[in-house]
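My request is simple: use the sequences and hints to build the entire structure.
Protein sequences appear in the order of chains D and E.
Terminal number for the first sequence in the working numbering: 211, no gaps in between.
Terminal number for the second sequence in the working numbering: 427, no gaps in between.
Misleading hints may appear alongside valid ones.
What the hints assert, rightly or not - 30 Å max Cα-Cα, derived DSBU-like pairs, lysine-lysine:
| hint | chain 1 | residue 1 | chain 2 | residue 2 |
| --- | --- | --- | --- | --- |
| 1 | D | Lys210 | E | Lys361 |
| 2 | E | Lys77 | D | Lys210 |
| 3 | D | Lys164 | E | Lys63 |
| 4 | D | Lys131 | E | Lys361 |
| 5 | E | Lys413 | D | Lys164 |
| 6 | E | Lys143 | D | Lys164 |
| 7 | E | Lys361 | D | Lys130 |
| 8 | E | Lys383 | D | Lys130 |
| 9 | E | Lys361 | D | Lys164 |
| 10 | D | Lys210 | E | Lys413 |
| 11 | E | Lys63 | D | Lys210 |
Quick caveat, the hints were computed from the structure, so don't treat them as lab data.
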Amino acid sequence: MSKQNPTDRRYSRDHEWTKDEGAGMVLIGITDYAQEMLTDIVFVELPEIGKKVAKGESMAVVESVKSVSDIYAPVSGEVIAINSKLEEDPALINQDAFGEGWIVRMRVSDTAELASLIDAATYDLLISEEKH
Amino acid sequence: MKKTPLYEKHVALNAKIIDFGGWAMPVQYTNVIDEHKTTRNAATLFDICHMGEIEVRGPQASDLLQFALTRNLQKQEIGQIKLSALLTDDGGIIDDLTVYKLAQDYYMLVTNASTCARDWERINALHKAKGFDCTLENISDNTGKLDLQGPCAQEILSRLTHYDLNSLAYYHFVELKVSGQPAIISRSGYTGEDGFEIYSPAAIIGNVWDRIMKEGVNFGLKPAGLGARDTLRLEAGMLLNGQDITESVSPLEVPYSWLVDFDKEFAGAAALRALKLSGIKKKMVGLEMTGRGIARHGYKVFHQDKEIGIVTSGTFAPTLNKAIGLAFVDVQYSAPDTGISIAVRDSRSAAKIVKIPFYKRLKAED
Chain D
80 MSKQNPTDRR YSRDHEWTKD EGAGMVLIGI TDYAQEMLTD IVFVELPEIG
130 KKVAKGESMA VVESVKSVSD IYAPVSGEVI AINSKLEEDP ALINQDAFGE
180 GWIVRMRVSD TAELASLIDA ATYDLLISEE KH
Chain E
62 MKKTPLYEKH VALNAKIIDF GGWAMPVQYT NVIDEHKTTR NAATLFDICH
112 MGEIEVRGPQ ASDLLQFALT RNLQKQEIGQ IKLSALLTDD GGIIDDLTVY
162 KLAQDYYMLV TNASTCARDW ERINALHKAK GFDCTLENIS DNTGKLDLQG
212 PCAQEILSRL THYDLNSLAY YHFVELKVSG QPAIISRSGY TGEDGFEIYS
262 PAAIIGNVWD RIMKEGVNFG LKPAGLGARD TLRLEAGMLL NGQDITESVS
312 PLEVPYSWLV DFDKEFAGAA ALRALKLSGI KKKMVGLEMT GRGIARHGYK
362 VFHQDKEIGI VTSGTFAPTL NKAIGLAFVD VQYSAPDTGI SIAVRDSRSA
412 AKIVKIPFYK RLKAED
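Structure (structure tokens):
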């Protein structure tokens with residue numbers, strides 16, 4: 080069973096979460112549902128700090144034993160920090176997708192884009208539809 | 062999609078089902094790494110009912126197979142299995158299949174699922190051309206197959222039969238009853254572990270599955286899917302038909318030269334002799350990533366700035382805890398320890414050529 084989708088985040092339909100940290104900063108990761116679908120994550124390719132990404136553009140790659148998946152930027156902005164722990168321990172995403180398994184911190188270029196993301200209740204609905 | 066007789070069991074076990082060459086097959090029940098490690102450390106059970114079985118019977122059954130297949134089967138004993146290759150006239154591999162000799166005039170060929178129809182067509186064409194006195198029957202739909210693999214496989218299976226499995230040698234088989242049902246059991250598999258392939262009528266294979274799952278509980282037996290089957294076979298350096306080998310690949314270019322006997326005539330022999338004379342240009346090698354990233358099917362291989370080949374299989378290897386793969390490279394770069402790089406997305410990652418297999422189990426008798 081997936082963990083509860085925290086209500087202090089907003090979600091993309093591609094299964095990324097964003098957490099507004101204030102002052103135009105967001106933390107980004109993939110949802111617990113996404114890690115459950117991917118299962119055993121064995122490799123994460125992170126962007127370089129300073130990289131500018133547009134909403135919907137691939138910003139990282141997560142590989143399970145069997146699959147290679149792009150992680151799309153849920154909002155446009157500049158990568159301020161990366162979770163370099165994932166290079167040594169990619170399974171952190173499996174263990175704690177909403178916490179220790181965060182992927183990047185971004186400075187958002189247009190905070191209005193955050194509003195276009197969906198809230199936890201809508202995301203709950205989205206994944207319950209995908210499951211059926 | 063075609064379904065095996067065990068499909069409903071997979072669904073009940075919450076397996077993730079994928080389309081594998083037109084078959085709805087379980088790719089994983091829990092996760093690939095767990096199923097992989099369980100195979101190495103305890104035992105797992107695989108639904109392999111999708112694979113093909115073709116019977117060849119009659120006074121000239123062995124003549125047909127001698128002609129159709131690359132391996133010399135002359136010394137094959139009843140109860141013995143031989144891996145062999147079926148080629149096109151151009152010497153390309155249609156299938157790598159196993160030959161079970163049931164009697165002097167009675168054989169069962171076990172084919173890959175995706176190639177069974179093609180094998181059937183090819184062997185029938187050769188049969189017709191040569192007019193050998195034998196008959197062929199495709200028994201795939203009526204035949205169920207399970208692979209029970211891992212160090213605990215024998216202990217589990219011994220609870221279902223009175224037969225002394227200690228007397229069953231590697232690549233040999235026996236016809237007996239498992240749980241009261243007719244079965245062929247061979248000591249063989251596709252994982253690099255000790256284990257068995259079990260053939261029973263499709264109508265009762267579900268009962269055999271249930272009995273094995275029940276007896277295996279105390280040994281940590283779990284069902285495993287095609288995901289783990291792929292990582293296990295790759296660690297063991299076994300080739301996957303349709304991915305590593307195709308009809309444009311010669312057995313001389315992959316670790317299958319030993320399947321070819323040039324002292325006999327067989328379909329495709331002329332092309333192989335010509336290739337042997339001219340020398341192969343590309344060769345399959347093992348590779349190990351030394352830099353970051355995982356080589357995957359279709360990624361390009363470089364030596365310095367020169368493109369020298371392509372990855373055919375690549376994965377993270379759970380037992381070895383590193384990324385490994387198989388690739389075709391220009392033959393002059395095929396020596397072990399040659400430094401290469403793999404184009405992983407928009408950058409290059411360092412790798413080196415290594416010997417196959419990547420993993421070899423420790424045997425008690427070694």
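Pair hint lysine 143 (chain E) and lysine 164 (chain D), alpha-carbon separation not exceeding 30 Å | 49 Å, violated
Are lysine 413 (chain E) and lysine 164 (chain D) close enough, with their CA atoms no more than 30 Å apart?
-> 26 Å, holds
Pair hint lysine 210 (chain D) and lysine 413 (chain E), alpha-carbon separation not exceeding 30 Å = Distance ~42 Å between lysine 210 (chain D) and lysine 413 (chain E) Cα, so the pair is violated.
Is lysine 164 (chain D) within 30 Å of lysine 63 (chain E), Cα to Cα?
-> 43 Å, violated
Regarding the pair lysine 210 (chain D) and lysine 361 (chain E), is the alpha-carbon distance no greater than 30 Å?
-> Violated. Lysine 210 (chain D) to lysine 361 (chain E) sits at ~36 Å, over the 30 Å cutoff.
Would you check the hint for lysine 77 (chain E) and lysine 210 (chain D), treating anything up to 30 Å between C-alpha atoms as holding?
-> 12 Å, holds
Could you grab the alpha-carbon distance between lysine 361 (chain E) and lysine 130 (chain D) and see if it respects the 30 Å cut-off?
-> Distance of about 26 Å is within 30 Å: holds.
Satisfaction of hint between lysine 164 (chain D) and lysine 361 (chain E), Cα-Cα up to 30 Å | Holds: lysine 361 (chain E) and lysine 164 (chain D) sit about 29 Å apart, inside 30 Å.
Holds or violated: lysine 131 (chain D) to lysine 361 (chain E), with C-alpha atoms at most 30 Å apart | 28 Å, holds
For the pair we were handed, lysine 383 (chain E) and lysine 130 (chain D), check the Cα-Cα distance against 30 Å.
-> Judged against 30 Å, a Cα distance of about 29 Å means the pair holds.
Taking only the CA atoms, is the gap from lysine 63 (chain E) to lysine 210 (chain D) under or equal to 30 Å?
-> 23 Å, holds
Hints 1, 3, 6, 10, counting from the list given before, are not met by this structure.
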